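*Asks:* Chain by chain, the residues run as shown.
There are 2 protein chains.
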Amino acid sequence: MDYRYGKVMPLEEAVTGYVEFLKQEGVGVETEVIPVSKAYRRITAEASYALIPSPHYNCSAMDGIAIHSRETFGATSTTPVYLQKGSFEIVDTGDPIPDGYDAVVMIEDVVWQEDGSVRLDSSSAPWAHVRQVGEDICQGDMIIPSYSRISASHLGSLIAGGIREIKVLKKVKAVILPTGDEIVSADKLPAKGEITEFNSVIFSAMLSDFDCEVDVEPILKDNLQNLTDKVKELAAKYDLVIVNAGSSAGRDDYSSRAVETSGKLFAHGIAIRPGKPAIMGVVDKAAVMGLPGYPVSAAVVMENCVFPVVEYLQHSFAARPPKIEAVLGRRIVSELKYQEYVRVKLGRIGGKFIAIPLPRGAGLISSLSHADGMLTLPLANEGMEAGDVVEIDLYKPLHQLENTLVINGSHDPIIDVIGDFLRKKDYQAFISSSHTGSMGGITAIMKGECMIAPIHLLDGATGVYNVAAVNKYLSDCDVTLVKGVKRQQGLFIPKGNPKNLKDINDLTREDITFVNRQKGAGTRVLLDYLMEKNGITSEQICGYDNEMYTHTAVATQVACGNADCGLGVYSAAKLYDLDFIPLFSEEYDLVVRNDCMDNPLVKEFLEILHSDEFKEFVTEMGGYTF
Amino acid sequence: MDYRYGKVMPLEEAVTGYVEFLKQEGVGVETEVIPVSKAYRRITAEASYALIPSPHYNCSAMDGIAIHSRETFGATSTTPVYLQKGSFEIVDTGDPIPDGYDAVVMIEDVVWQEDGSVRLDSSSAPWAHVRQVGEDICQGDMIIPSYSRISASHLGSLIAGGIREIKVLKKVKAVILPTGDEIVSADKLPAKGEITEFNSVIFSAMLSDFDCEVDVEPILKDNLQNLTDKVKELAAKYDLVIVNAGSSAGRDDYSSRAVETSGKLFAHGIAIRPGKPAIMGVVDKAAVMGLPGYPVSAAVVMENCVFPVVEYLQHSFAARPPKIEAVLGRRIVSELKYQEYVRVKLGRIGGKFIAIPLPRGAGLISSLSHADGMLTLPLANEGMEAGDVVEIDLYKPLHQLENTLVINGSHDPIIDVIGDFLRKKDYQAFISSSHTGSMGGITAIMKGECMIAPIHLLDGATGVYNVAAVNKYLSDCDVTLVKGVKRQQGLFIPKGNPKNLKDINDLTREDITFVNRQKGAGTRVLLDYLMEKNGITSEQICGYDNEMYTHTAVATQVACGNADCGLGVYSAAKLYDLDFIPLFSEEYDLVVRNDCMDNPLVKEFLEILHSDEFKEFVTEMGGYTF
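Chains C and P are the protein sequences, given in the same order. Residues in the first sequence are numbered from 1 upward in steps of one, following this note's numbering. Residues in the second sequence are numbered from 1 upward in steps of one, following this note's numbering.
Please keep in mind that the hints were generated in silico from the structure rather than gathered at the bench. None of the values given here were measured: they were computed from a predicted structure. A portion of the hints provided could be inaccurate.
Remember, identical chains collapse to one label, so a pair may be satisfied in a single copy or spanning two.
[Said to hold, decoys possible] Capping the alpha-carbon separation at 30 Å, the derived lysine-lysine pairs in DSSO-like fashion look like this: (1) Lys447 - Lys472; (2) Lys425 - Lys396; (3) Lys167 - Lys192; (4) Lys221 - Lys38; (5) Lys232 - Lys38; (6) Lys574 - Lys483; (7) Lys352 - Lys447; (8) Lys264 - Lys285; (9) Lys38 - Lys173; (10) Lys7 - Lys232.
Turn these sequences into a full structure, and let the hints steer you where they fit.
*Replies:* Structure follows, in structure tokens:
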């Protein structure tokens, strides 16, 4: 059976329409009465009115004596009034005003007489220096209206107003149903062809931020009948049912059909990317939504389709991530017929934010955890140019981004190590590093998109590292070249060297597949230098165009047999227990913008780099010298 | 025994010094290993490195056929390559690449032959259209560094990286110890002289936002020995002990002495207002902090002293409230020697935010729940002028403030009712009303500080309501006067009219105490009009200067016996079951800025005002006609 999307709807239309649809279908949560002390962050189901005033008795606002104001009328320094002992009472701040009295005279205005009476040189108005009943809250005052999220201080006002129980909306009961033949639970490590199910953990966390009660069902195999039955069963018990995945329109994508058969399908296919295969429907009195399997797509649908539904169910708007303006660091292309979501890394340099788009693969969960913010490209937008000022929804607190050291350039595991040292040293400091290769780092320094750029660029002519590159490319920039580490570059080969490689010339062998680094990477530059020296052309090397972005990625390809050989640093070879043929001892240095030299984060970074503790640690990693 | 503050420290010095002190004293939390699936929002105790790559096998990025790239080398449309049946395999997107193959040809590039072989017109590079092992995450990659709050997507990356358990910091264990002879638990309503304990509920909620585990102790009476013993006992079990109150320097304030006797007192008295009587100390290995009893003071100390301590304990910075710029609506005076905190209501009108300072009484819990944001006046600042541009820390989400209808002027309970109707009608809409009286509302309209101003201003000459005032004061403003409700103004008197009042002239009687409304209130204007008509002067009325800001506040004073009589609307008298002597039927109308007429919130407000549902409701309240 061939199955297709329905009309692919624009996001706005889909969400507002779906919420309207949910209303018509009577989808909603019930109410319950709970103790105020347990009501934090809950949402009121009706307005609450104070039952008692606060303060509920007149109390003194000063240390002094309680008096009857009428007895002081007309008092002046020339015509003072005397109050006999017994016609006044001493009170401290906060004390109740004794019956019969209606004002307080500050202790410093009381002139004590021998006989225990007092002289007053000025008259008191009724309730002078008294906190009168209801000064804070009056009986009958509305303390909180309907459908409002109860704050910490609301709790105080409610209790002060004599309210002990409050009617709130029940928490939204949500359930996540993972489906798919290839999906396995995280209990065990996945075998080849198996994909570990982790979306439900991500969704649960996201929904917990909305104070939903979330359950997760066992994984269901792809089967239309079973899925339909299960959806019916869950819809009877929950307010929100999230089916993941099978929301697409392929052979084994049953979600939309299951919704159609068991209830009403409102939308299948939304004009967003990633996330197009979203499903919106109603079964029984539950909102049933289908999410794509790729985590990046699913997250977009969660944020843009599921959250609004939760908000509808809670009659309450949740906080939106704050927005900032940033300068786009790289060009982005977008398809006209989709609203596109691009995750970005943000760096704050010289007062302005730079947004660097992250890889957009829908399967890259790492792109989610690396993201500092989200850039949205509306429908009918062809893309953005580098340098454009864009609006970004923040995923991380602003103050964190303002305390983030921005590094861009050549990858080495020690950068992450320094980042970790930094966290341990100063919990207010963060690090953000992008692996764009040495040349990428040089460009970022030039464009003011990073504070520090790690580079290792060999000057073929002189055989000297980095100095030439800095002079050549950064002559107009005010930078300092800080000495970093010496590290061993060499060939990664499987343990025992089965194919008996000796040196760079073996890369041309018919039976050897190589794995390379991306253009602009210092390691790639080194390879090309060595190839030239040995008169090797790229056509002679099988796999020359298979590019990886990190040393560990290269080691991974060799370790898993995708390649017979790759070029990289010793520490990565050691990490993967690979054999290593040393080819070159190189210098991995750091270009620092001088306008960042006084930045405390940069200072801390350099302190760590030069600390004995750090040197010990990386020496342990292997292949590094100082 | 007379006890004094120590040296009163500036906030910055106190907090940084105290955190340093906690470090020296070895105050900190332990670590624990927990399942990743339970680790959301927890803080890592060490860096986590991927144990397996993701994807952990090569899988197809396309629907097509898996082939061996070498067999396609040199293929062109003129020199095609033929692959015999069995030398390739059909794969769907996501399928593992069968052993022996290293590339995928997209199905649309495959030319099928009669005999089941395929023709390829172009060559494939190794790993073309293949998601290679580790494309997302490589074994050994650092997924999250030390002391980082685990996000939803981190959970995904950790699981994808084969990590099932993670070492995190234990949650901060905090305990709140309420103390005071006058303090009673919220289980029962308080008697005269008793104060209901609600600070612990507020503190617990605030600390729960930091993911602390919070316990609350039973209320402890004021007794130095018992307090000292209890603090010792709690310090042994908790990371953070909060003593509330008794932190001041009065006769019964034992907190600082208890800390001194049982451990080390670091600071007593901080140069902030409110909140000066804060205490910072260490007992055993716990941070022990004393907070003042007044809720507003205590909240300031929580935010500015306790939160930083929790952050130190968690090695982690929490999100700060976002800041916005606002125009100060009223003058604020500040004392040079304190850093002062002033809560404000915010209104967004015509693109800019207006900040209206709330009453600053330390006991006004309502000022906490009404606050939209906080204005901080630094040390050595004398205050701010109306019109100054100030920076505000937001307490409410920005989008909420942008969807808030701003009302400023005369108080009537029906405004809250409309606000509640608005919440029920549109959960994205909010209302904010300030009770500044009719004249205050007129001024706010003039200064563009509100969208709608409810007024009821009688023109003595014509006896006509509101029109004259609008013409007189708002001639230069583009506004519309919208008809509101007719309501009964009259005298509030205790049930049964014990003192037998008849009319306004009785207010001059010796035995009558009156309670008035604030200057600028329409009801005050009405009173003055009636007094003038009857030749009564303010001196003749006892209690004329006792001012309340709302009708319910006036009713409260009469109901509790603070006054024999007050002037206000019937609905308030009815609410308090008071007798009511009608004096005047007045018109309570709404001045609307025309530049706000298209504002959807204003439209919704007016729709509600004119709806039958609303009219029924307020008719039920009594004293209103349309």
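*Asks:* Taking the hints in turn, state whether each one holds.
*Replies:* Status of each hint after checking the structure:
1. Lys447 - Lys472: Classified as within; 15 Å inside a copy, 60 Å across copies.
2. Lys425 - Lys396: within (21 Å within a copy, 33 Å between copies)
3. Lys167 - Lys192: between (52 Å within a copy, 28 Å between copies)
4. Lys221 - Lys38: between (40 Å within a copy, 25 Å between copies)
5. Lys232 - Lys38: So Lys232 and Lys38 pass the 30 Å test across copies only (29 Å; inside, 33 Å).
6. Lys574 - Lys483: within (24 Å within a copy, 82 Å between copies)
7. Lys352 - Lys447: within (12 Å within a copy, 34 Å between copies)
8. Lys264 - Lys285: Within. Shortest intra-copy distance 11 Å satisfies the 30 Å Cα cut-off; inter-copy 60 Å does not.
9. Lys38 - Lys173: Result: close both inside a copy and across copies, 18 Å intra and 19 Å inter.
10. Lys7 - Lys232: within (25 Å within a copy, 68 Å between copies)
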